Amino acid sequence: MSATSTTIVNLPDQTTAVIPKKNYISAEHGLLSWLLTGDHKRIAMLYLISITFFFFIGGAFAGLVRLELLTPQPDLVASDTYNKFFTMHGVIMVFLFLVPSVPATLGNFLIPIMLGARDLAFPKINLLSWYLYLAGGTLTLGALVLGGVDTGWTFTTPLSTHYLNTHVVTTAAAIFVAGFSSIFTGLNFIVTIHRMRCPGMTWFRMPLFVWSHYAASILMVLGTPVLAIALTLVGLERLVGIGVFDPSKGGDPLLFQHLFWFYSHPAVYIMILPGMGVISEVISTFSRKRVFGYTAVAFSSVAIALFGFFVWEHHMFIMGVSNYSALVFSLLTMLVAVPSAIKIFNWAFTLQKGSITFETPMLYAFGFMGLFTIGGLTGVFLGSLGMDIQLTETYFIVAHFHFVMVGGMLMAFLAGVHFWWPKMTGRMYPESLSKLAAVVTFIGFNLTFLPQFILGYLGMPRRYHAYPPEYQVLNVLSTAGATVLGVGYLLPILYLAWSLKYGPIAGNNPWQATGLEWQIQSPPLTENFTEIPVMDHEAYDYEWLEHKTQQEVTTVG
Amino acid sequence: MDNSIITTEPLMPRETAVHEPHEHVFIPQHRHHFETEEQQREAGSFGMWLFLLTEIMFFGGLFFAYLLYRNWYYDAFVPASNFLSVKLGGANTAILITSGFFMALAVWAAEMRNKQVLVWTLVLTMIFGWAFIGIKGVEWHDEWVHHHIPGAGFDIAEFVNPSAHGITDQKAIPPDMAQHSQIFFFLYFGMTGMHALHMIIGLGLLLWLLWRAQRGDFTAGYVAPIENFALYWHFVDIVWLFLFPLLYLINRHPLS
Chain A
1420 MSATSTTIVN LPDQTTAVIP KKNYISAEHG LLSWLLTGDH KRIAMLYLIS
1470 ITFFFFIGGA FAGLVRLELL TPQPDLVASD TYNKFFTMHG VIMVFLFLVP
1520 SVPATLGNFL IPIMLGARDL AFPKINLLSW YLYLAGGTLT LGALVLGGVD
1570 TGWTFTTPLS THYLNTHVVT TAAAIFVAGF SSIFTGLNFI VTIHRMRCPG
1620 MTWFRMPLFV WSHYAASILM VLGTPVLAIA LTLVGLERLV GIGVFDPSKG
1670 GDPLLFQHLF WFYSHPAVYI MILPGMGVIS EVISTFSRKR VFGYTAVAFS
1720 SVAIALFGFF VWEHHMFIMG VSNYSALVFS LLTMLVAVPS AIKIFNWAFT
1770 LQKGSITFET PMLYAFGFMG LFTIGGLTGV FLGSLGMDIQ LTETYFIVAH
1820 FHFVMVGGML MAFLAGVHFW WPKMTGRMYP ESLSKLAAVV TFIGFNLTFL
1870 PQFILGYLGM PRRYHAYPPE YQVLNVLSTA GATVLGVGYL LPILYLAWSL
1920 KYGPIAGNNP WQATGLEWQI QSPPLTENFT EIPVMDHEAY DYEWLEHKTQ
1970 QEVTTVG
Chain B
916 MDNSIITTEP LMPRETAVHE PHEHVFIPQH RHHFETEEQQ REAGSFGMWL
966 FLLTEIMFFG GLFFAYLLYR NWYYDAFVPA SNFLSVKLGG ANTAILITSG
1016 FFMALAVWAA EMRNKQVLVW TLVLTMIFGW AFIGIKGVEW HDEWVHHHIP
1066 GAGFDIAEFV NPSAHGITDQ KAIPPDMAQH SQIFFFLYFG MTGMHALHMI
1116 IGLGLLLWLL WRAQRGDFTA GYVAPIENFA LYWHFVDIVW LFLFPLLYLI
1166 NRHPLS
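Chains as they are written, first to last, in our numbering: chain A, 1420 to 1976; chain B, 916 to 1171.
So here's chain A without its partners, still in its complex pose:
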């Protein structure tokens, strides 16, 4: 197939092409060769399967929540069951899907290849992190089977320590364990990025995907231990009554929130930064241009990571913190919008005068840019003190963070999975069906969450299973949207599974992209490179690529 003006997809001749016999999938056989592997690519695939599993469990709970909210009356489930639904939805989606989604799958698979290394620095720790993730997931499911937990994913004291009789300790243990999985992933990435770059791979030649993972890894390594100690204290408070969060013993329940949000606010950047890395790669590839303002985009990732540590108190504006500190945190919150905006503007300038084509990953990336911008700007609303008092604890918050997390991160995740699917599996997915899925997801998403902004503005509180009848129209729209969204997520599962066997063979570089990962065979060899490459050009250098392929053609011909 020759390149036309509408697509840059360049697949090898399907009559003669075969998947390379020697690759990381065919290197070894049997279940144990997967369960005991040290290969970052295999671990990435293990992660991909397990987080998809948890995504659909978390999604099922979202479906149940939306089903209950279809009618104003509390008719589907009792209020405490409803509380367990949204808690399980939050816990699974945040800790078992969003935090590991892009880093543990795409990051794990690609970072060593993008740096020209054979593996991550600590392959065994990488495998250990997957097992810890599974242990955390199993404990979460255990808490669910034993009867669930209804604190909300935030474990707010004193509710979680004194007033509930559900499986808080089991769930806290689950998150503690899963947290260590995330710490080890971050630690592995940082060491790899510092110490395993190939000759010529300077810091400013690294793909922006790597930069954003570097920033996210710093957050994982510095933030997660604080969450660990906060949850340990909640567990101890419940088990032996230590009193640190108990006002009757002089403790302060708000201290828990300080410790919790010190991790959990940076955690939202752990979730979004790797997604931003994906978008940089996709936008550059499908507009055939170097990312505009490479250095600014790289540093904005680090700036987001840095500022992200100094905004946690905006989750507690209405909870009796000092007015003066609230002013400072409000200002710092708005400052985070600056590096985020730098990214959006730079991507927009990358598109300008580029040769844009509309393949599936690009459609998802466009979805990301629009939805993340809305999510980010509404975050500025919530960061302003006066607005926050009106909007906090309403559906406006729910809509805001779903725009960032689902509209942003999930779109980026799907963009990345589609973009690197040919590299990971050696086969292409069906193009038109996947475009349909991208459009369905976008429509379903907006139908689900735009009404929630209005609901929140009108004052509908979050975490209630019943509401006044005048809110019903918007809630029905939202539930209908969730159904469409569900279809949008089921489609990729089906056709990606189909493509594993029947998809067209992708070849090394179906997108004509410049990254090192596209210069090796797909699927890659276990050792990635037959010899360690030397990076002799900048990232996103399409002239170099053209020159290189010309040379290859002449040597072959």
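Derived from the structure by calculation, the hints contain no laboratory data.
Computed from a predicted structure; not experimentally measured.
As a list, the in silico BS3-like pairs of lysine-lysine whose alpha-carbon atoms are at most 30 Å apart: (1) A:1543 with B:1030; (2) A:1440 with A:1920; (3) A:1854 with A:1920; (4) A:1967 with A:1772; (5) A:1543 with A:1441; (6) B:1086 with A:1668; (7) B:1051 with A:1668.
Following the hints, complete the assembly by docking chain B onto the known chain A.
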């Protein structure tokens, strides 16, 4: 443009002898994905430093809680802190520093490839480590005897009415403030307990290192595990060096 030719032919290893320029011999512990031993060693110690950073953040949450409550309930923290034995705590500080000294010697011995010295310094590190845990246990037992363990058995009598318990050098404090000494004791147990847990994990690792050291694993040019463990051990020492003044010495000055 067609890249099928590249796909159909698996990449042939063109030059398998790319490693030749490095003249040194690879140690048996060299892992295939590192280009050089140097890179492996640097990656290992960098990873260890990062891990210690996460440990600082982990203890940081506890230190933060301590500083907050110490400011709020200073009057309850003073008598509670004065109850702790500076003698035992001080002795433990000296013991831990000695243990750290032998660990530093062990690193030196491994680098000098002296197996005998390495084994003996590791043994001494362990002995002093266990001595620390033993003294800590004695202290915890004291606190248990005096009902200072937070929870149902916690008793504020000694703080409300010190003279009735034969304590002459402490001022009595009102019961509602004395209740807050419970938070001091929780933080004390939480922090020293977490510290002791780290020591016990370290002592377990030491046993494993000792077994490998007497097999001669670390005296043939491969010292990374000893070095990285030493970093961990010194980190645990340093945590104690912050805990000791914060918990034991808040209100001890010669003039009072």
